[in-house]
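Enquirer: Kindly produce the complete structure, drawing on both the sequences and the hints.
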Amino acid sequence: MANELTEATRQKLLSRLRQILPADCLVSDRESQRPFECDGLALYRELPLLVALPETTEQVQAVLRCCHDLQVPVVARGSGTGLCAGAMPHPEGVLLGLSKLNRIIEIDPLSRSARVQPGVTNLAITAAAAPYGFYYAPDPSSQIACSIGGNVAENSGGVHCLKYGLTVHNLLSMEMLTVEGERVALGSSGLDSPGYDLMALVTGSEGLLGIVTEVTVKLLPLPETAKVIMAGFDSIRAAGDAVGAVIAAGIIPAGLEMMDALAVQAAEDFARAGYPREAAAVLLCELDGTAEEVDQHINAVKDIFARHGASTLRVSASEAERELLWKGRKSAFPAVGRISADYYCMDGTIPRSQVSHVLEEIARLSAKYQLRCANVFHAGDGNLHPLIMFDGGCVEQIQRAEQFGAEILELSVAVGGCITGEHGVGLEKLAQMQSQFSTGELHQFEDIKAAFDPTLTLNPGKGIPILKRCQEYRALPGRHQHG
Amino acid sequence: MADQSEQLRDAVAVAAAGNQALYIRGGDSKRDVCGRACAAPALEVGGHTGILDYEPDELVLSARAGTRISELQQALDEYNQVLPFEPPVYAGRATLGGTLACNLSGPARPWLGSIRDAVLGVQIINGQAQLLNFGGKVMKNVAGYDVSRLQAGALGTLGVITQVHLKVMPRPEATLTLAYEMPALRALDIMRTRAGQPKPVTGACWVGGRLYLRLSGAQSAVQHTARQWGGDPVAADIWEQLREQQHPFFTGDAPLWRLSIAPGAALAKGVSQCLDWGGAQRWMRGDLQGYTPPPGAHMSLFAGGDRNSEVRGELEPVQQQLQQRLKNAFDPQGILNPGRLYSWMT
Ligand SMILES: Cc1cc2nc3c(=O)[nH]c(=O)nc-3n(C[C@H](O)[C@H](O)[C@H](O)COP(=O)(O)OP(=O)(O)OC[C@H]3O[C@@H](n4cnc5c(N)ncnc54)[C@H](O)[C@@H]3O)c2cc1C
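For the protein sequence lines, the chains are A and B, in the order given. All letters in the first sequence, in the order written, are residues 1 to 483 by my numbering. All letters in the second sequence, in the order written, are residues 1 to 346 by my numbering.
Hints in this document: simulated from the structure, not taken from any laboratory. Don't be surprised by glycine CBs; every beta carbon is placed ideally from N, CA and C. Careful: at least some of the hints might be erroneous.
[To be verified] Facing chain A, from chain B, some residues (calculated, C-beta under 8 Å):
(1) Gly196
(2) Lys199
(3) Pro200
(4) Pro263
(5) Arg285
(6) Leu315
(7) Tyr342
Expert: Written out as structure tokens, the structure reads:
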């Protein structure tokens, strides 16, 4: 019964979407849908009713109107590099891929901004801005692939966010389509929004409040120069203290990253960056600015690291060396992917002072669950990425990895932090939302969701737990299977 | 130091039960600026004060909403740190909660952000008298919607802000102000060019026939840039005069308009104006009936004029509907600061 209903909706949907989209913009057969079944977190997979790949904002608008009419769920997808199953399709819905909206509309050097479509990759913005002497600051390690629409939806960060902020700090305005397909402009050409700051609210909202169809980002002048110091330490604690000391000295580095021994070894095998394999922790500290400033700060940081017992110290002498030192860090995920068939990346954020304690606890959990765990850490802003290694072919190991991950998230909350710093909640961390928020707070989120999307059509089942409206939601047409 | 959150919650509960409107009052420094007039009886937040936590090494400060900005600055001073968004202190009366609600920030805004950018978490009492916490004390947090930033500029219409967690910054090692005599058109041009260079600029304004540029950062960088850029080194008080709206440009009763605009946009002609934020914020005086801002820019009547008019301007219908629904999600009875933001918002 349920399947027949779904099939009928599917047929109706298909015939209407065929009128909206060219044939090559609709993917309806199961095999061709496979590449869309998951995002970067492949533990969660699902096939949608249909994949729609519109080429224009008008088409996106028409698809949304059609889905709204038929009460069919819509899940937006940028490049599918997300790490929380946020872009995993809904089995009774349309997967709305935005990758064909990939035009850079305008670079405005006078206002230092770039106006782009949502499918443009993060790195493509910087590439387009470079001839004008500008760049786009937030730089997720996935920047070659991830889309700016996805960055907005996740409020993504990167190694340079300590000094230059997250996605939310680097946006000027955006165009969004509501669930009904209505266009709305958020933000302004200046620095303030009229009325409520809906742009801030939509940033990080994981495709639950609207579909972003255009983004205007801030551009920054390329720094005159940048250098990185790499330092090896014999203990995590010494490295953690050194990080605190840099900040206490009044220096805000462009990036300040830490890796533990296992991450260092994996990254070194992968990138041959020259990291000290025997170190318990490695710090990478980048300083940028005018030539004089960078020299002044490099010397200051070098002293601090030496005072905190650094066993190795190296300062990049050229742009090539700087890039090499970063290459190891930026490829830490694939590097760990080489030593373990599967890994599960966590994303808790903690007060920086808690790092030694949290890493000791993670080591204890690693022994308890009998799974290896490498740690990479945006040390400057307290965002920790434990990479739990497991064998995806073994159901029992998957369960252990998930339990291990859940304990890390709860630990992050217990020390005063949060369950996700930049990867988002998606489907993956829904259960942990209740450890970070009270019922009243979760209800408030739900009311915000309903203000934008009263029938809960956009990315249902992700981001925030639906508690109050659970019953009504199940009674909606097109939601039979879950009822 | 007094924790009044329970009393505040009770007061909102009583108001909600009786469907009574409240005007949220901190230090009463901004009643006549930013928003529309609100005649409701006051809910006093100014006594809910105290710094709750300050960890200089973590760059995080938490305080109750009634805490005066000047008190925060004193605490930060001890560790050579600052509020990067340089809020107005309005003769010592401005509170943390009011500053967030009005999203007020000083001349460094384009480079160091506003309080909207620095806020990490809040505690609020919504219109249903629920005490809720959002965000936290860590630098990055994407769990749930960003309710903390949403309070910035909401003028208290989404909740009574009771606590704020903020990111703070080290005080720059050196600061230098340079002045140049020139007309506005040329000043705007120079501001834009120099803001596009990788130099430690943290202020660029034009007022009274003079362009002022502020450099701050490492001593070496400030000195070197100053040598390249010339100009007359002058006292730094121009920035305070701008931030507090105490410069002679701001005196008198003529309506004070605030235009939020792309720095690249052309200069309005025939208006008395002052440029700040490298051209992204333009203050104007007088009756501006004839002036229409370019698309995408946003103009508001910051002070003076008719405070019962739509001082925040008009919104597109779709936007207006979303904002109204959002208001209802936090304050379904519309008891918090009714009419302060828009006349139509209930
Ligand atoms: C190797 C690797 C390294 C990574 N490193 C980082 C890092 O350093 N920092 C970091 O923050 N993240 C990192 N990520 C995570 C990921 O790249 C980011 O979350 C990125 O922003 C996702 O972009 P995407 O285009 O792939 O989005 P998708 O995965 O396609 O979608 C992500 C979410 O956004 C929604 N969405 C997408 N486009 C839109 C739109 N136009 N409108 C509305 N909603 C939309 C989707 O519904 C989904 O919920 C990494 C991932 C990988 C695989």
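Enquirer: Decide, hint by hint, whether the structure agrees.
Expert: Hint check results:
A distance limit of 8 Å between C-beta atoms decides the matter here; for B:Gly196 the minimum to chain A is near 5 Å, and the interface restraint holds. At its closest, the beta carbon of B:Lys199 sits 7 Å from a beta carbon of chain A; the interface hint therefore holds under the 8 Å criterion. The restraint placing B:Pro200 at the interface with chain A holds, with a minimum CB-CB distance near 7 Å, inside the 8 Å limit. Checking B:Pro263 against chain A by beta carbon gives a least distance of about 5 Å; that is within 8 Å, so the hint holds.
For B:Arg285, the interface hint is violated, the least distance from its beta-carbon to any beta-carbon of chain A being 19 Å, above 8 Å. Checking B:Leu315 against chain A by beta carbon gives a least distance of about 6 Å; that is within 8 Å, so the hint holds. Checking B:Tyr342 against chain A by beta carbon gives a least distance of about 7 Å; that is within 8 Å, so the hint holds.
In terms of the numbered hints stated before, the structure departs from hint 5 and from no other.
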